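K.L.:
Please work from the sequences and hints to get the whole structure.
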Amino acid sequence: MISATDFAVDTDNSPSTLMLHEDAFVAYFEPYRHPAAETDIWNNLGLTAYGRDWATLKTVSPDYVWTVVDSDGDQWITPGIHVVNRICYLVTRRPHLFLSLEFKSARRPTFLTPIGLKRQLSKINYAFASNRT
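In terms of my numbering, the sequence shown opens at residue -1 and continues consecutively.
A portion of the hints provided could be inaccurate.
Quick list of simulated restraints, FRET-style, between CB atoms [said to hold, decoys possible]: (1) K116 x R84: 25 to 33 Å; (2) A47 x R91: 20 to 28 Å; (3) R50 x N123: 33 to 41 Å; (4) R117 x R50: 35 to 43 Å; (5) A53 x T15: 29 to 37 Å; (6) R117 x P33: 32 to 40 Å; (7) R50 x I113: 35 to 43 Å; (8) D38 x K116: 26 to 34 Å.
Straight-line distance between alpha carbons at most 30 Å, and here's what the computed DSSO-like set of lysine-lysine pairs gives [as the list claims (entries may be wrong)]: (9) K102 x K121; (10) K116 x K102; (11) K116 x K56.
Since the hints were derived computationally from the structure, they do not count as laboratory data. Because the structure is a prediction, the values reported are computed rather than measured. Cβ coordinates follow ideal geometry from the N, Cα and C atoms, glycine included.
P.N.:
Okay, here's the thing in structure tokens:
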């Protein structure tokens, strides 16, 4: 198991990207299998970039679409539609509003402790609250 402190926040001069664990992504944004999904990718939640999946994806509001990308053997869930290093797309029940968030899905599965998950969910809530001001 890992703790919430295993994921840091960027501190360079660009807008900070909040980097969190995929457990927080699943708990907060609630990804689901779109009823029109044609393929079984990424635990049956993903949509591919071709065929009926792509056509379906274009009908979903961009605020609810995420891209799973590959980076050095790990996978990252990022808001919006991206093409480079794309594995698939995910659709969620809650919008991301293009906040600067990324969620790591490690090559070897890890899980947050209940307190770690609670802390990461608090960080997401804070990011949304800060974005409204």
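K.L.:
Identify every previously stated hint that the structure contradicts and give their numbers, smallest first.
P.N.:
11
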